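Asks: Using the hints provided, position chain E relative to the given structure of chain P.
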Amino acid sequence: MLDTAWLMLLFPALGTLILAFFGRRIGRRVVGWLACGMVLLSFLTAVGVFATLVGLPAEERSHQIVLWSWMTTGAFHVDVALLIDQLSIIMALIVTGIGFLIHVYSIGYMHDDARYSRFFTFLNFFILMMLTLVLANNYLLMYVGWEGVGLASYLLIGFWFEKPAAADAGKKAFIVNRIGDFGLALAIMFIWTSFGTLNFVEVFEKAPTVWAVGASVATITTLLMLLAATGKSAQIPLFVWLPDAMEGPTPVSALIHAATMVTAGVYMLARSGALLSLAPTTQTWVAVIGALTALMAATIALTQTDLKRILAYSTISQLGFMFMAVGVGAYTAAIFHLMTHAFFKALLFLAAGSVMHALAGEIDIRKMGNLRAKLPTTYWTYLIGAAALAGIPLFSGFFSKDEILYYDWLTAPLLWLVGAITAALTAVYAFRSVFVPFWGQERDKKLFSHAHESPRIMTVPLIVLAIGAVLAGYLGLPRLSLFETWLEPVFHAKAPEALAGAGPEAVLSIPMVWVLLAVSGLIAIGGAYAAYRLYIVNTDVPARVRERLGWLVKLIENKYYFDWAYDKGIVGPLRQLSAWFADVADKRGIDGAVNGLAAATGWVGSQARRLQTGMVGIYALSILLGAVALLAWFAIR
Amino acid sequence: MPERTGVLIRRNVLIIFMSVEMMLNAVNLSFVALAYHFMDLNGQIFVLMVMVVAAAEVAVGLAIVMTIVRRKDTTNIEDVNLLKG
Chain P
1 MLDTAWLMLL
11 FPALGTLILA
21 FFGRRIGRRV
31 VGWLACGMVL
41 LSFLTAVGVF
51 ATLVGLPAEE
61 RSHQIVLWSW
71 MTTGAFHVDV
81 ALLIDQLSII
91 MALIVTGIGF
101 LIHVYSIGYM
111 HDDARYSRFF
121 TFLNFFILMM
131 LTLVLANNYL
141 LMYVGWEGVG
151 LASYLLIGFW
161 FEKPAAADAG
171 KKAFIVNRIG
181 DFGLALAIMF
191 IWTSFGTLNF
201 VEVFEKAPTV
211 WAVGASVATI
221 TTLLMLLAAT
231 GKSAQIPLFV
241 WLPDAMEGPT
251 PVSALIHAAT
261 MVTAGVYMLA
271 RSGALLSLAP
281 TTQTWVAVIG
291 ALTALMAATI
301 ALTQTDLKRI
311 LAYSTISQLG
321 FMFMAVGVGA
331 YTAAIFHLMT
341 HAFFKALLFL
351 AAGSVMHALA
361 GEIDIRKMGN
371 LRAKLPTTYW
381 TYLIGAAALA
391 GIPLFSGFFS
401 KDEILYYDWL
411 TAPLLWLVGA
421 ITAALTAVYA
431 FRSVFVPFWG
441 QERDKKLFSH
451 AHESPRIMTV
461 PLIVLAIGAV
471 LAGYLGLPRL
481 SLFETWLEPV
491 FHAKAPEALA
501 GAGPEAVLSI
511 PMVWVLLAVS
521 GLIAIGGAYA
531 AYRLYIVNTD
541 VPARVRERLG
551 WLVKLIENKY
561 YFDWAYDKGI
571 VGPLRQLSAW
581 FADVADKRGI
591 DGAVNGLAAA
601 TGWVGSQARR
611 LQTGMVGIYA
621 LSILLGAVAL
631 LAWFAIR
Chain E
1001 MPERTGVLIR
1011 RNVLIIFMSV
1021 EMMLNAVNLS
1031 FVALAYHFMD
1041 LNGQIFVLMV
1051 MVVAAAEVAV
1061 GLAIVMTIVR
1071 RKDTTNIEDV
1081 NLLKG
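Going line by line, the protein sequences match chains P and E. The numbering of the first sequence is our numbering, which starts it at 1 and goes up by one. The numbering of the second sequence is our numbering, which starts it at 1001 and goes up by one.
For reference, chain P alone in the conformation it holds in the complex (with noise of 0.2 Å):
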């Protein structure tokens, strides 16, 4: 089965290819189920390989397999292979996995679109990057999987391009994301100066031999990748291109800002993470950077309210739990947060895109009420996705929350503080966006009178995933942790001497494991009665708060005002310089040159012409003159 890994990259690949090129032609029920299909068959191909891993010895589950040899110039070699190990291979799962539920509730979701095919041949393109990203066995290959998931999702943003929000949502992404990618291509460089090579299994094993620990080498390298990861998972300080990107189509935002394209950065972080162990520093940034991004956005998404960007924030604000455990070295519990975030995300924002099928594309929560009367499975299952996020005890969220918790108590208890009280802003907004949309009173009557609930095409990938967000979490039960075990020889065989003694090697005592356990239990039912007391009780209470705290609210409504920072320290100045160019520059500067050059090559003739005076007469005397002068200076000389 190892041999056929590469079946998992071919299938979305002719996918891609027989929709770009035959798509119109072979009608819409066709291109839905081939798309679909492929993906599929890339998900079952996926099941084979993991099970074929399951079925050997935890030490042995790590394979390369070279399709063919990309480039060599010199020393540098560098391979079109993949890297089949735990991780990847979890990887995998989820993008194959949740991205063909994503392409069956499309079928749905887009079915009186224009351009029907164009939108299933840039999903299946999708897969085939983000498979690349994640197979991928050297540094190289896996920038070409993360440019090309930047272009799919660009071009995924800016899908209905008449829009000029999203026109313009998708060419920030691409440029904020851009930033970071330039940070990636140097790391690249960075790696492939010390260690000669890219391939990961090879950097990873000479790492801890080239770089001394906290070796400005290695701070640099690993600086540069945290660049990128922030860019392409959205943390500060290039987090603002996420919430724009809503103006895709909803499956976009479930399948790539969601469950799996935003990811690459803490899956790129974890692959590296026997470089990361060997900055200190780096690793305490990315800890901050999580810790603030976290807080940071689960504070806008209370503010929100439009249903889409609640789960945009709300998924900043993930990643950046997702970061805080990347930096305290506990990488198995960001996987694990990375796949139980998944799948509740994914839920969440198809049951949102259900929700705006239902009200003919209306987003804005305020004008939602009592919806789950009329959309029964909608609710149910947003419900328990919202559940998950709060990280309501015995669904997928708390789990692996309380675990990346947990870690963070191990190694800096103020990280504890921060991922706690985001925990329990993220219990209030999870469940304000359940309470005030589908609870209460109707509050627009002709929308209410409208809404309907989804066809079956999107509701049954809303119960699978419902059904995954509820059982993901078991996998990773405390004491028994299947997912740890499995993951472990991915992360510890890579850097043993670096991660000892660190926060995650030590164990505390089994009774605190159940206090903090409870207390994370505690702070998300706590979070989430709040929400009930202030969106369904006592609705006058934010009101009241607002006049309150009216700085503080607008503060967060705006932002945090980094939109506006950017504008005005980044772009007006950049506009104001290439207006400098355009204006100056270009029209007096080079334009100036070049006129002035015509010029004085004009003025220079307009004076010869005098010369030329079309007598015959003086034309003779000037050879006359010129002759005797010839004769003159060879005789005196």
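One-sided and incomplete, this derived list gives chain P residues near chain E with beta-carbon spacing under 7 Å:
1. G614
2. V616
3. G617
4. L621
Residues from chain E that keep clear of chain P, each with C-beta distances beyond 10 Å, as calculated:
5. V1027
6. L1029
7. S1030
8. A1033
9. M1039
10. Q1044
11. L1048
12. A1054
13. E1057
14. D1073
These aren't lab readings, by the way, just hints derived from the structure by calculation. As the structure is a computational prediction, the values presented were derived from the model and not from experiment. Beta carbons are placed, not taken as given, at the ideal position from N, Cα and C, and that holds for glycine.
Replies: The following block gives chain E in isolation, referenced to the frame of chain P:
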């Protein structure tokens, strides 16, 4: 050097042309004289060369003069100034 002066100050194309011919003949004369003086046959032969070229030049030159007269109905050199810058 009366011929040279004729080329420079006269206005009539034909006079200028005749002056040019006279300059050529003057050169021929000095060739012959100096060849005789130095007892060198090259000078004598070169005279024949100049005469051939002069004959060709007359043919072309007179044709140009004819054209000027036909076009502008003048032989005054100052009326022919198409090359004026």
